[in-house]
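Chains as they are written, first to last, in full-length UniProt numbering: chain Y, 1 to 283; chain W, 1 to 320.
Mixed in with the good hints, there may be bad ones.
Stated by the list, open to error - Mimicking DSS-like on lysine-lysine, the simulated pairs with C-alpha atoms at most 30 Å apart in a straight line are:
{"#": "1", "chain 1": "Y", "residue 1": "Lys88", "chain 2": "Y", "residue 2": "Lys61"}
{"#": "2", "chain 1": "Y", "residue 1": "Lys155", "chain 2": "Y", "residue 2": "Lys277"}
{"#": "3", "chain 1": "W", "residue 1": "Lys258", "chain 2": "W", "residue 2": "Lys314"}
{"#": "4", "chain 1": "Y", "residue 1": "Lys242", "chain 2": "Y", "residue 2": "Lys60"}
{"#": "5", "chain 1": "Y", "residue 1": "Lys188", "chain 2": "Y", "residue 2": "Lys155"}
{"#": "6", "chain 1": "Y", "residue 1": "Lys188", "chain 2": "W", "residue 2": "Lys258"}
{"#": "7", "chain 1": "W", "residue 1": "Lys314", "chain 2": "Y", "residue 2": "Lys91"}
{"#": "8", "chain 1": "W", "residue 1": "Lys242", "chain 2": "Y", "residue 2": "Lys88"}
{"#": "9", "chain 1": "Y", "residue 1": "Lys269", "chain 2": "Y", "residue 2": "Lys60"}
{"#": "10", "chain 1": "W", "residue 1": "Lys279", "chain 2": "W", "residue 2": "Lys297"}
{"#": "11", "chain 1": "Y", "residue 1": "Lys91", "chain 2": "W", "residue 2": "Lys242"}
{"#": "12", "chain 1": "W", "residue 1": "Lys297", "chain 2": "Y", "residue 2": "Lys188"}
{"#": "13", "chain 1": "Y", "residue 1": "Lys242", "chain 2": "W", "residue 2": "Lys41"}
{"#": "14", "chain 1": "W", "residue 1": "Lys314", "chain 2": "W", "residue 2": "Lys297"}
{"#": "15", "chain 1": "Y", "residue 1": "Lys188", "chain 2": "W", "residue 2": "Lys294"}
{"#": "16", "chain 1": "Y", "residue 1": "Lys91", "chain 2": "Y", "residue 2": "Lys39"}
{"#": "17", "chain 1": "Y", "residue 1": "Lys60", "chain 2": "Y", "residue 2": "Lys103"}
{"#": "18", "chain 1": "Y", "residue 1": "Lys103", "chain 2": "Y", "residue 2": "Lys39"}
{"#": "19", "chain 1": "W", "residue 1": "Lys294", "chain 2": "W", "residue 2": "Lys279"}
{"#": "20", "chain 1": "W", "residue 1": "Lys314", "chain 2": "Y", "residue 2": "Lys155"}
{"#": "21", "chain 1": "W", "residue 1": "Lys41", "chain 2": "Y", "residue 2": "Lys107"}
{"#": "22", "chain 1": "W", "residue 1": "Lys279", "chain 2": "W", "residue 2": "Lys13"}
{"#": "23", "chain 1": "Y", "residue 1": "Lys88", "chain 2": "W", "residue 2": "Lys314"}
{"#": "24", "chain 1": "Y", "residue 1": "Lys188", "chain 2": "Y", "residue 2": "Lys91"}
{"#": "25", "chain 1": "Y", "residue 1": "Lys269", "chain 2": "Y", "residue 2": "Lys155"}
{"#": "26", "chain 1": "W", "residue 1": "Lys153", "chain 2": "W", "residue 2": "Lys298"}
{"#": "27", "chain 1": "Y", "residue 1": "Lys188", "chain 2": "W", "residue 2": "Lys153"}
{"#": "28", "chain 1": "Y", "residue 1": "Lys188", "chain 2": "W", "residue 2": "Lys314"}
{"#": "29", "chain 1": "Y", "residue 1": "Lys88", "chain 2": "W", "residue 2": "Lys126"}
{"#": "30", "chain 1": "W", "residue 1": "Lys258", "chain 2": "Y", "residue 2": "Lys107"}
{"#": "31", "chain 1": "W", "residue 1": "Lys124", "chain 2": "Y", "residue 2": "Lys242"}
{"#": "32", "chain 1": "Y", "residue 1": "Lys107", "chain 2": "Y", "residue 2": "Lys269"}
{"#": "33", "chain 1": "Y", "residue 1": "Lys60", "chain 2": "Y", "residue 2": "Lys50"}
{"#": "34", "chain 1": "W", "residue 1": "Lys297", "chain 2": "Y", "residue 2": "Lys242"}
{"#": "35", "chain 1": "W", "residue 1": "Lys153", "chain 2": "W", "residue 2": "Lys124"}
{"#": "36", "chain 1": "W", "residue 1": "Lys258", "chain 2": "Y", "residue 2": "Lys91"}
{"#": "37", "chain 1": "Y", "residue 1": "Lys188", "chain 2": "W", "residue 2": "Lys242"}
{"#": "38", "chain 1": "Y", "residue 1": "Lys103", "chain 2": "Y", "residue 2": "Lys88"}
{"#": "39", "chain 1": "W", "residue 1": "Lys297", "chain 2": "W", "residue 2": "Lys258"}
Don't read these hints as lab results, they were simulated from the structure.
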Amino acid sequence: MAWFKRSNPPMPKGPDHKSRVPEGLWTKCTSCGETIYTKDIEKNLNVCPKCNHHYRISTKKRLELLLDEGSFVEFDAGMVSVDFLEFKDSKSYQDRINQAVAKGGSKDAIVCGQGNIEGMPVEISVFDFSFMGGSMGSVVGEKITRGIERALERKTPMIIVSASGGARMQESILSLMQMAKTSAALAKLREAGLPFVSILTDPTTGGVTASFAMLGDINMAEPKALIGFAGPRVIEQTIRQKLPEGFQRAEYLLDHGMVDVIVDRAQMKAQLSSILKMLMRQA
Amino acid sequence: MAQNNQSYLEFEKPIAELEKKIQELLSFSTDGVDLKNEVSKLEKKAEQMRAELFSNLNRWQTAQVARHINRPFTLDYIQHIFTDFVELHGDRNFGDDHAIVGGLARMDGEPVMVIGHQKGRDTKEKVFRNFGMPNPEGYRKALRLMEMAERFKLPIITFVDTPGAFPGIGAEERGQAEAIARNLREMARLTVPIIVVITGEGGSGGALAIAVGDRVLMLEHSVYAVISPEGCAAILWSDGTKGAQAAEALKLTATDIKELEVIDEIVPEPVGGAHRDHKAMADNLHEALARNLKELKKLSEPDLIEARYQKFRKMSRFIE
């Protein structure tokens, strides 16, 4: 018999413990295990200064990071989802929406608007993964489509920063149709000769990957971001095989020809600006 | 004519028993005993029972009918509705996907491009068709054929019947997501009429990748959803066996989808489901296809494309 017994059960790990910067003065990096002063990670754009692990960042921070200071103008901020199917699992969809909205962040899983990148006007949509896993329902699809239509009108590039579990189950068929709708709008943008840059961040999966996120003239990914169609668990259960090392990570997709370039967060704006200026034939 | 080797679904048990009884009576009557009256009475009763049962299917039962092993598949419809079919293979890139078939054919004499998911009936064919779950090369073959149709100004008709796109390592490596996404974008701008028919299972992105069209029809007992009921149950309740509950929540029947204005028309099935009478089913569908195609051919190219854009543009519900 053991002399020392654990009196309490071990602390449960949250489902996304890997990618959240834990609160507190010091943080143990979930990737390299180094203990780092939390403020140093935050100052470093939520990237571990030791191992370059990219933690998720808020939509607000992302917009600050990519756009010229004070240039962002949000559109359709008040658009909210409705539970038109009266979808209910352990909770009703309406309750889930209300709860997510009550957190005080975005009113749905995406923030859209206009801004400038080194002086160049762009349309930009940024997913909010903290809102129902960044899932795409009617609101997300509609806001993206309006963004693309504004880009067409003003003849500007379109940028979408994805972080999403895919289509939102609670809106069933209409979520699926957002894939067709957004892709159709991108067909128009393409015909008009305006660039679309898709920025893939951790994680981008399901119906979001299988529509606009893979349709960038440029597909740009953050290091080690999980990007795929089917989730790793679904694949494992279907084929009953272990998945290869690094499967569905940004580097793996680069290797298989699915993304153009992997860019560190700190260089993202400069890289984006340089590419867009060349595509728009500007000095 | 009923299909041979009828296999019955759980909820069809009462029908199965009645039909067994009819068969028994028929075998008696060959011995000089005339049971014609009795048989015809029972047949009428069975017919009534089928009509009643199939007009009151719940969503989970509908999903089972949509997946019925004897349900007509794409090649069955091609055989019944089209002539001069020439199957065209391969994506010119990687391989030929057997879960999607396509080719040139004539409908009422007019050349068209036909494309559809293909499932198998016996074990060997099921494996050969990968249970109707395409890999990226399937979607790329479909796009190749659709672009060919555009060049030669042929209307496109697609048949949708898949549990979903195949979730495998190779599929991911070869860009399953990209293949689906590209089809969505390209189908939105093709300059020829596209008619889509959801014939069985409309399984998420794997279905949608050949389902962007000017007209989208659904067979009466087909289903269409963002995720399979089992997949949905696995996520919501961590229990893949709660498919029945999930099917109710997903609102995946033709009536549900029509209410949400995602499809244009519901094509009626013969009493007891399409699997009971392929010919009758194909005739109903043939009529609907011909009628819709005639309407679409009246539109100019720009009008056709703009109408298709607006059709999908409107699909959403939210509050502002």
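Going down the list of hints, with the structure as the test:
1. Y:Lys88 x Y:Lys61: Violated, at roughly 33 Å.
2. Y:Lys155 x Y:Lys277: holds (14 Å)
3. W:Lys258 x W:Lys314: holds (14 Å)
4. Y:Lys242 x Y:Lys60: It is violated: about 38 Å lies between the C-alpha atoms, which goes past 30 Å.
5. Y:Lys188 x Y:Lys155: holds (12 Å)
6. Y:Lys188 x W:Lys258: holds (27 Å)
7. W:Lys314 x Y:Lys91: It holds: about 28 Å lies between the C-alpha atoms, which stays within 30 Å.
8. W:Lys242 x Y:Lys88: Holds - the C-alpha atoms of lysine 88 (chain Y) and lysine 242 (chain W) are around 14 Å apart, at most 30 Å.
9. Y:Lys269 x Y:Lys60: Status holds; Cα separation ~15 Å.
10. W:Lys279 x W:Lys297: Given that 30 Å is the threshold and the Cα spacing comes to 27 Å, the pair holds.
11. Y:Lys91 x W:Lys242: holds (16 Å)
12. W:Lys297 x Y:Lys188: holds (23 Å)
13. Y:Lys242 x W:Lys41: violated (59 Å)
14. W:Lys314 x W:Lys297: holds (23 Å)
15. Y:Lys188 x W:Lys294: Given that 30 Å is the threshold and the Cα spacing comes to 27 Å, the pair holds.
16. Y:Lys91 x Y:Lys39: Given pair lysine 91 (chain Y), lysine 39 (chain Y) is violated - Cα atoms ~37 Å apart, limit 30 Å.
17. Y:Lys60 x Y:Lys103: Between lysine 60 (chain Y) and lysine 103 (chain Y) the Cα gap is close to 15 Å, so the pair holds against 30 Å.
18. Y:Lys103 x Y:Lys39: Cα-Cα ~23 Å, so holds.
19. W:Lys294 x W:Lys279: holds (22 Å)
20. W:Lys314 x Y:Lys155: Answer holds: lysine 314 (chain W) to lysine 155 (chain Y) is near 23 Å, not above 30 Å.
21. W:Lys41 x Y:Lys107: Violated - the C-alpha atoms of lysine 107 (chain Y) and lysine 41 (chain W) are around 62 Å apart, more than 30 Å.
22. W:Lys279 x W:Lys13: holds (24 Å)
23. Y:Lys88 x W:Lys314: Distance of about 25 Å is within 30 Å: holds.
24. Y:Lys188 x Y:Lys91: Outside the cut-off at roughly 39 Å; violated.
25. Y:Lys269 x Y:Lys155: Status holds; Cα separation ~20 Å.
26. W:Lys153 x W:Lys298: holds (14 Å)
27. Y:Lys188 x W:Lys153: holds (21 Å)
28. Y:Lys188 x W:Lys314: holds (16 Å)
29. Y:Lys88 x W:Lys126: Outside the cut-off at roughly 35 Å; violated.
30. W:Lys258 x Y:Lys107: holds (29 Å)
31. W:Lys124 x Y:Lys242: holds (26 Å)
32. Y:Lys107 x Y:Lys269: Status holds; Cα separation ~26 Å.
33. Y:Lys60 x Y:Lys50: Given pair lysine 60 (chain Y), lysine 50 (chain Y) holds - Cα atoms ~25 Å apart, limit 30 Å.
34. W:Lys297 x Y:Lys242: violated (51 Å)
35. W:Lys153 x W:Lys124: violated (37 Å)
36. W:Lys258 x Y:Lys91: holds (26 Å)
37. Y:Lys188 x W:Lys242: Given pair lysine 188 (chain Y), lysine 242 (chain W) is violated - Cα atoms ~41 Å apart, limit 30 Å.
38. Y:Lys103 x Y:Lys88: OK: lysine 103 (chain Y) and lysine 88 (chain Y) at ~21 Å, within 30 Å.
39. W:Lys297 x W:Lys258: holds (23 Å)
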